[in-house]
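Required output: the full structure, derived from the provided sequences and hints.
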Amino acid sequence: MPEPVAPVRLRMRVNGADHRLEAFPGERLLDVLRLLGMTGVKEGCGEGECGACGILMDGRLVNSCLVPAIQALGAEIVTIEGAATDPVLRQLQESFMERAGAQCGICTPGMVLAAGALLKRRRDPNEAEIRRALGGNLCRCTGYVKIIDSVLHAARRLNGAGEGHP
Amino acid sequence: MPPNRIGSPSRRVEALSKLTGAARFVDDLGMEGMIHGITIRSPLPRGHLVGLHLDPSFDWSEVTVVGPSDIPGCNRVPLLDDDQPVLADGIVNHAEEPLLLLGHRDPAHLERARRAVRVEMLELPGVLTLRQALRNEAPEDPPVHPRGPLLKEITILKGDPGSQWGAADLVVEDEVETGAQEQLYIEPQGMMAWVQDGVVTVHGSLQCPFYVRRGLEVVLGLGPEKVRVIQAVTGGGFGGKEEYPTILAAHAALLALESGKPVKMIYDRAEDLAATTKRHPSLTRSRAAFSRQGTLLALDMELNLDAGAYTTLSPVVLSRAALHAPGPYRCQHTRVHGRAWATNTPPHGAFRGFGAPQGCFAIERLMDLAAARLGLDPAELRLRNLLRRGDTTATGQVMREEMDLHGLVELALAGSGYRRRRAEYEGANREAGPEDPRRGIGLAVFMHGAGFTGSGEVRLASRAGLELGAGGVVRILAASTEIGQGAATVLTQVACDALGAPAASIDVAVPDTSEVPDSGPTVASRTTMVVGSLVERAARGLREDLEREAGLAADADPEAVAEALRAMARGGPRRWMADYEHPEWVQWDEEAYVGDPYPTYAWAAYVAQVAVDPLTGETAVEDFLALQDAGTVVNPLLAEGQIEGGVAQGIGFALMEEVVWSGGRMANARLSNYVIPTAMDLPRIRVEFRETPAGYGPRGAKGMGELPLDGTAPAVLAALDQAMGTRLTRIPALPEQILPGLQAVRGPASRGGPGLQEVRGPASRGGPHA
Amino acid sequence: MRGIPQDLDIRSPGSLAEALDVLGREPGAWQPLSGGTDLMVLHEAGVLGPRRLLDLSRLEELRKTRVAPDAVEIGAGCSYMAIQEHPVVAREFPMLAQAARETGAWAIQERGTLGGNLANASPAADSVPVLMAYGATLRLSSRSGDRLLPVDAFFLAYRRTALRPDELITGIVLPRREYPVTYFRKVGARRAQAISKVVLAGAGSWEDGGLECRIGIGSVAPVPLRLRSTEDTLRRWAGTGDWQGRATDCLMDEIAPIDDIRSTASYRRAVAANLLLAFLRRAEAARG
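Protein chains in written order, with my numbering: chain H, 27 to 192; chain F, 431 to 1200; chain W, 89 to 376.
Where hints are given, some of them may not hold.
As the list claims (entries may be wrong) - Only part of the chain F face toward chain W is listed, based on derived beta-carbon distances under 10 Å:
hint: 1; residue: S487
hint: 2; residue: A538
hint: 3; residue: R542
hint: 4; residue: R548
hint: 5; residue: L552
hint: 6; residue: E1048
hint: 7; residue: M1086
hint: 8; residue: S1092
hint: 9; residue: S1102
hint: 10; residue: L1164
Derived from the structure by calculation, the hints contain no laboratory data.
Glycine residues also receive a C-beta, built at the ideal position from the N, C-alpha and C atoms.
Printed below as a string of structure tokens:
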């Protein structure tokens, strides 16, 4: 057997808090985050197809199951556990609850983060843009209808609009 | 916040925990000293197990190893039959069959252990496809199954179809196929198990805690008080976690017993795809007689299901398939002959719809074929044959409840602009240029029986109820599992409605077999109707007691009810339970297969509109109207969500979800290769409800969870008929089948190139032979 | 998860010079790792052969896109998202932006890189036919210097490229010019997160009565193909007689699709022909 690889020391900022940890360089960021207690980051496929492991890394949506730990050195990471302190993500949580965007809930954290990545880039997306932005987040329960309603609802609220049906 | 009553669009009770990531699914759980478990599986579909060789150069000292000889009770998964072993012993009957279990605290060491196991088998011939089974090609020595290749047979007979062929103006024959479909819950199967004080507890992703408990009692040789099953937050089930988790629970429990440590077993996606149950593939040959005006005179259907290697739930799937195959049509002479066949593939099992999608597909394709032959619009042919109140079904069930299928269909046609658009597409397709989409619009009419088939509910003898506890909180005690469908919220609304209490007074107990009664499995579109009615009855009992003992006014407002509950709670915990009472107006003869197989049906008319890209055969569903009458809708927001999600699964079933079989194994066992619809593949699915209260569910609510899986694929295929100008009879209808059909119709105007050939479908990819 | 994390030795050089130095000293011992969207999938399936990965993610040099008067050079470490977002690339090489937008989905596009896609050498790569159509040249760098290789010459056999063991792809050079006729189409099993069944890109113009074009196609041969023979036919016959028929006949001879887990040879043939015809229709429309 080849010589075992030594773990490396990593520091990363997760949901605004600094973490210093040790991990194998090839360990999945998904597993590192879950071991840190961020169990809201889910494993649905381990192949980067379902998006359930989606997080924001340096502001960009990535599948944490495909990121080796060493590439997250010094990264700024946001998971669903950090949503409460982010106005866009927090509004999305509210909207998803209001518009029934979550059913079984397993795709939900990744879906909220993907929607968050979209709204941070584009304040007023139309339905086609939302579908494209969420194209890498599989949901088996909802048919995406109420997920899209939730994102539209959140965008309206964030843009200062009041109540109203999408 | 709107009042939390039946009919309120109330927020899901567990929404907050799901939106914050706080909800704990099984893989989020952990215990001190926990080890992980994995399964060594058969690489071959059939053979004698000669040996399981553990590489001696590997460090096995701390690896827990469990084989069939370590099973303390019976090496059998108790279900309808007991033909399925928990671990294969001697003979292997399907690829991916579990052989050996390994456990270790370090997942990396465990993975190395997996690589250090060599499975030695002597391959035997097997039967790998339904067509092979039908051609009597099943090997006999040893037989593919102890009872022979035919596992179950059902015949429904009404009148004498044979008497009608001669005089009929039209006789049509059809052969249709549906493929296997994977449930694809986004949370893979997972289970934790531990032993403490002689009690084995499993905690995991599951739909039916009492099925699992019974399984563990048999496998471990323990009494029910020594086994405890708890449902964790479950990320989707769709039937895939109805019976399968019993096997995973048994495996985890065996490792826990052997190691003395808590065990966690989570399937990775590739394993989940390849090894667990799927929808039964079907092959149905039908024949129908019509009058010139389109009256259905006789129907004869040979419906065949591929059960896989063991019986599991196939007899009941077959039953529901056969019962739904005649469709919502009046017909005096009907015969449905259903058969479930054993093949050497991983056993097929429950998946939302449970046989009805297969039966529905056959009858709706047949009706569309007949319409074309008769020169009638397919909608018109339906309207001429729909069941009316007072008619009898193929099993002689009299349609007693208020129903207006004609009205429902007309509403769907109007709401979708079906007639206008059908004519418009006819013209547009004729004029279409080489890159213009070909469009079509299609209808399906269907129903889904709510509750367990036949005497099932009697056998289940469900019990559910309420417990008033500290602080005046009323806990709902039921085995119904929240798996995303909204069961916890719906039962809460039912309780609130009957009690007149505010939502804050109601809590739903975690389905834990040591805490809740057996209210039956969370399947068969029964939760709202059957369990809901038990909760309602218990709640009424509690309400009566509040009025009688605490002097609560009959018109008390929710806050007064809450106060009365708090007052009554000071006297200590109390329970109000309700047991299933079979309505005497539901009469079923299991022997003769005659009577009322279901107490009530949800009725539906779905309209799909598609656009086919003539360059590639890719099909986009551009519009979809799902109209149904499932009685009273308890929560409109959640009910819409159920239908929207079900239609999405149905579209996947129709157009893209294919299991590619190779050597009896799923060859495309990766999410990149087994594709389900993404947000870019679906339209905004429009959902409408007509509410005709009926049956014994709360305020006349019926079941609807499975309904959308029955009629979505037939509606899509009917739309494809128009778009393509030719008719497909097999799903999934992939671009590989659609493009040649389209080009054949278009003629020489645009060149397809000399390499074009008729593609026969999955056969060319190692699938079933024609 | 079938991969064993502690089996992966990953080294992260801080500069291109350092990375090339490592490769120069131990050629063939290190597998370059870019965004991880291919290699990590293999690792999780337990089938990643190489155990020593050279992480290129810290090399800022590879993420720069240089705009010169006659060419744009995209850094090999540019993500698909960066490609879509670059104003010059999006404006002058719209097919590349489109291919980037149709690769996987957002999360994949934020990590996957053009260099990684090229080195991975899948015959189904969406961007490669586009690079062929735009006449791209690859910059291959080693300790001893750079060489430029046309993308058409890069793919030698199934998953084998002309990249030497001590080299890295550092840039993709796209000549800036006008293309009156372009066509890109990727055909997959669904509209997002799909591996292509057929992917075609064509770019051309009418010169002296003939159609000068470059056509690249993927998923119909062991390597992405440049359809030289079909291009020659078009150069000669475009605009006369049944030139479309001649071209599709030629196409059928140039491609060699197979039945595989995703699709069939006959479907791929039919779609390839249809996509070529679509390109030719646009050419016809541009002629007048």
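Consistency of the hints with the structure:
1. S487: The hint is violated - F:S487 has no Cβ within 10 Å of chain W, the shortest such distance being about 17 Å.
2. A538: This hint holds: F:A538 lies near chain W, its Cβ roughly 5 Å from the closest one there, short of 10 Å.
3. R542: Since the shortest Cβ distance to chain W is 7 Å, the answer is holds.
4. R548: With a closest approach of 16 Å, the F:R548 hint is violated.
5. L552: 27 Å, violated
6. E1048: Given a least distance of 7 Å, the restraint on F:E1048 holds.
7. M1086: With a closest approach of 6 Å, the F:M1086 hint holds.
8. S1092: Check passed: Cβ of F:S1092 comes within 9 Å of chain W, closer than 10 Å.
9. S1102: 6 Å, holds
10. L1164: 8 Å, holds
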